[in-house]
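Keeping their order, the protein sequence lines are chains P and B. Numbers 1 to 208, taken from the numbering used here, label the letters of the first sequence in order. Numbers 1 to 208, taken from the numbering used here, label the letters of the second sequence in order.
In short, the hints are calculated from the structure, not lab data. There could be a bad hint or two in this list.
In this list, chains with the same sequence are indistinguishable; a pair is considered to hold if it fits within one copy or across any two.
[To be verified] Under the rule of at most 30 angstroms between Cα atoms (straight-line distance), these lysine-lysine pairs were calculated in the BS3-like manner:
| no. | residue 1 | residue 2 |
| --- | --- | --- |
| 1 | Lys111 | Lys126 |
| 2 | Lys8 | Lys126 |
| 3 | Lys52 | Lys8 |
| 4 | Lys53 | Lys97 |
| 5 | Lys97 | Lys8 |
| 6 | Lys126 | Lys51 |
| 7 | Lys20 | Lys111 |
| 8 | Lys8 | Lys169 |
| 9 | Lys126 | Lys97 |
Number of protein chains: 2
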Amino acid sequence: MTGKMMEKSCSGFAAELAAKQSVPGGGGAAAYVGALSVALCSMVGNFTTGKKKYAEYEADVQRMLEEGEAVRARLLELVEEDAAAFFPLSQAYGIPKEDPTREEQLEKCTKDALVAPLEMMRQIAKAIELLEEMNVKGSRMLVSDVGCGAACAAAAMQAASLNVFVNTKTLNDRDFAERAEAEADGLLTYVSRAQRIVDEVTAGIRAL
Amino acid sequence: MTGKMMEKSCSGFAAELAAKQSVPGGGGAAAYVGALSVALCSMVGNFTTGKKKYAEYEADVQRMLEEGEAVRARLLELVEEDAAAFFPLSQAYGIPKEDPTREEQLEKCTKDALVAPLEMMRQIAKAIELLEEMNVKGSRMLVSDVGCGAACAAAAMQAASLNVFVNTKTLNDRDFAERAEAEADGLLTYVSRAQRIVDEVTAGIRAL
């Protein structure tokens, strides 16, 4: 990893994702796809605000725009945080098996490596709540963008959860692992909520 | 739109997606998320190639790497093609209702605007086929990245399809519209194939 991931060009980020380097990987992709999902929600809000037809929702749309901006910024940061936490873990895997500190170092780095994916899941849950509300209050002209955002949010949530579970599974501290898994399981219920938006938007468009 | 979308920084692309401008929108996000999905497949291939343990698959992995590169490049191009086709459509919507050429121009621009999303769907289907094969032949160390790629591919396919249907629905040429919808429906069967990979990978990791 050189410099900040999110300052790379889109084509450059995709190329680095494809390359033989652990970072960026599935975790970084999850956070960035989450950021795109909430960006689509914000686009719908930006086309709704100020419109007479949606005047009754103006205050809500303004609030959603502020919240969406914060969630997007946080998810972009999490791409970097995920990458930063992965490097020490990959180094710990390289510690010789006979080193008596190996297990302890691996345990610590693995715990650190699941902090970012779990925080991604919390932020993506917020994105899904915003998309649900935007699906009700946003301009109907952009309903397909709400659906695209919801599809991306569902994928981001699933991808982030894989990066939680792949770490919890190798922990010796089962209490810590089970708490993280329980939180992840709770957040995974948002996947079907996002999918419900996709299905509703798709059905609405197809019924036109 | 200024310059090439995919040369923008990742944070800049997300900001433009969120802004009050029609392009980039859900179509561009679909193509880019599709490109990230196949990039993750390529990463797994790049960590598999040359490994003794997977020597029996070496030729297949090499082929998948080549195909993955092509699909990624094509999806990145489609972000630009989608943006380029959208601009004339947005202009056509601005033609005064009393202009006798309005309907004809709208029809033509709408047909043009669904070419890119439909081609995205074809490319994302190839990405899903590659992910299915990589899930069998790729290094098990990176199975979570196959799962993340599959989740992104499912989302990209659904998002691209919304951008097909939102255009077919307004066409007067019902023959053209129905052919496009039939092809999109066929390609949408890949969503459950991608979701099957996600479910299988998730179950595998959770059973560790």
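Now the hints, each set against the structure:
1. Lys111 - Lys126: Within. Shortest intra-copy distance 24 angstroms satisfies the 30 angstroms Cα cut-off; inter-copy 36 angstroms does not.
2. Lys8 - Lys126: both (26 angstroms within a copy, 26 angstroms between copies)
3. Lys52 - Lys8: neither (39 angstroms within a copy, 34 angstroms between copies)
4. Lys53 - Lys97: between (66 angstroms within a copy, 21 angstroms between copies)
5. Lys97 - Lys8: neither (36 angstroms within a copy, 44 angstroms between copies)
6. Lys126 - Lys51: within (25 angstroms within a copy, 41 angstroms between copies)
7. Lys20 - Lys111: within (24 angstroms within a copy, 40 angstroms between copies)
8. Lys8 - Lys169: neither (32 angstroms within a copy, 38 angstroms between copies)
9. Lys126 - Lys97: neither (42 angstroms within a copy, 41 angstroms between copies)
The structure fails to meet hints 3, 5, 8, 9 from the earlier list, while all remaining hints are met.
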